[in-house]
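**Student:** Sequence:
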Amino acid sequence: MLSSDAPRIIAASVDSETLFSGLVRQTSEGRKTVDYLSAVSAFGRCVAAGPELAVLLHDACELAQLVAQADLLMIAQLTPDARQLSLQVASFNEKRKVSVQSLDAISADPDISMAAFSMHAADVVQSENIVTESRFTDLLLRRLQMGSGIFVPLCSHNRAFGALGLARRQPGSYTREESGFAAGIAQLLASYLAQRNAEGQLQRREASMKATLDSVESLILTLDEQGVVREMNAAGIRISGFRVRELRDRPFWNTLIVPRDSDRVAGVFRQNAGPGNRAVFEADLLTKEGQHRAVQWSLCTVETAGGAAKTCVLSGVDRTELRERCLELEKFRKIAQGVTEAADQVLNEVGRERPVPAPTGAEKRSSPRREFYYYQRIAPLRNKCVPSDDEFVRVVCCDISAGGFSFLSKEPPTFQELVISLGTAPHDRKVVAKVVRVVDRDMDGEKMHQVGCQFIGRVGD
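Residue numbers for the sequence shown, in this note's numbering: 737 to 1197.
One thing to keep in mind: the hints can contain errors.
Taking lysine to aspartate or glutamate pairs in the DMTMM-like style, the calculated list, with each CA pair at most 20 angstroms apart, reads [said to hold, decoys possible]:
1. K1146 to D1135
2. K1024 to E1066
3. K1046 to D1125
4. K1183 to E1153
5. K1046 to D960
6. K833 to D807
7. K1166 to E1153
8. K1024 to E1064
9. K1146 to E1182
10. K1166 to D1135
11. K1046 to D1180
For the record, the hints were derived by calculation from the structure and aren't laboratory data.
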């Protein structure tokens, strides 16, 4: 189950004999005694130095071998999906040197892993003989030729996120002191790993937040309690032209706001910098190039747990183009208003002019005449009855307008109303018209009557 890539072997930076000297003493009778409390304290000093985990596991393995005759030290941690355990093992090689290896993840099932069993039990778990153990079947420890072991859950906020294990090649029990030593080492490693994991999560969250803020087109600034810029997203840098380092040690209203608005903005900030307060205001942004940008700002304050520190978030939406469009719109509105007033004045002047009488004999038409010759079918309308198709006759029409038409006839009309079929069947439209005038015309030496008609409705209306 070793990783496919070569194991990463990391040597400790400090000689274990120097680091853990004095922990094992020999009595006058020749027996060796171990100061377990001092051993845990010595490892605490290692943790406080903040080395990499591999170096820390190297030292822990050296210490565990010295005080508990352990041949292997294992750290198991839950993967993000909580279904597997990632493993790091520190053990002694053939030359009795410690090597630290990352192994393939194993299942977090307590039936097949001693580490998972201790996490599930939330207590120290010992096994005097791993091969004959009935509570679980840990094939990994068997493959590593371990005969006995002790595992302690690693907890943070009352939840187990992993386990620390010590193992020997020979079967056997562990003393109360050795069990206490393992628990002490586990507690120190739990604090170290919890902090390390929290820092990793914080870094990932900050990276994700930064990527999100940089993708936003609005200006977003992080301020301290005095209004000094600490962080600014990509849009803020692009629009303002400033880098964050150029804005240090001065409130943002003295660096990013035009002078005429700085005092007002400072007052808004001081009044609303408390936790839970929000403020929306408008003030022009002063860019590095000296340009003014119309910005609508929004201010809110975030307080850390316990009120130890406050962070103010200032966001701004660039409304310069909107303001310019509004000014242009107002300009055109005034121009349009002036044109409307001038047109009204002209119409009033025209309305006061006296009407000019039409020449004698001129036609008084409501719509212009379009004179041309064409054929249509007409039929007299008698007693308001719609004529049949057989009653329609083809005539020559002289003109047509929106209000009526005229046609030529050899005889004067004997009817006052008629129906004209406009278009061709079956898409023709039948319109009712009345005779309004009859004019005699000479058509190539032949006397004809031009009958003028006015439309009065459609058939069926």
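**Student:** Against the 20 angstroms threshold, does the CA-CA distance of K1183 and E1153 hold or violate the hint?
**Tutor:** Violated, because 23 angstroms separates the two Cα atoms, which is more than 20 angstroms.
**Student:** For the pair supplied as a hint, K1046 and D1180, is the alpha-carbon distance within the 20 angstroms limit?
**Tutor:** violated (105 angstroms)
**Student:** Hint check: K1166 vs D1135, CA-CA at most 20 angstroms. Holds or violated?
**Tutor:** It holds: about 17 angstroms lies between the C-alpha atoms, which stays within 20 angstroms.
**Student:** For a C-alpha distance cap of 20 angstroms, please report whether K1166 and E1153 respect it.
**Tutor:** Holds: K1166 and E1153 sit about 13 angstroms apart, inside 20 angstroms.
**Student:** Given the hint that K1046 pairs with D1125, test it: the Cα-Cα distance must not exceed 20 angstroms.
**Tutor:** violated (94 angstroms)
**Student:** Sort out whether E1066 lies within 20 angstroms of K1024, counting only the CA atoms.
**Tutor:** At roughly 30 angstroms apart (the allowed maximum being 20 angstroms), E1066 and K1024 break the hint.
**Student:** Tell me if the straight-line CA distance from K1024 to E1064 falls inside 20 angstroms.
**Tutor:** violated (26 angstroms)
**Student:** For the pair we were handed, K833 and D807, check the Cα-Cα distance against 20 angstroms.
**Tutor:** holds (11 angstroms)
**Student:** Check the hint pairing K1146 with D1135 against an upper bound of 20 angstroms on the C-alpha distance.
**Tutor:** holds (17 angstroms)
**Student:** Assess, step by step, whether the Cα of K1146 is no farther than 20 angstroms from the Cα of E1182, and give holds or violated.
**Tutor:** holds (9 angstroms)
**Student:** Would the hint linking K1046 and D960 be met if the CA-CA limit is 20 angstroms?
**Tutor:** Cα-Cα ~7 angstroms, so holds.
Violation of the numbered hints given earlier is confined to hints 2, 3, 4, 8, 11; the remaining hints are satisfied by the structure.
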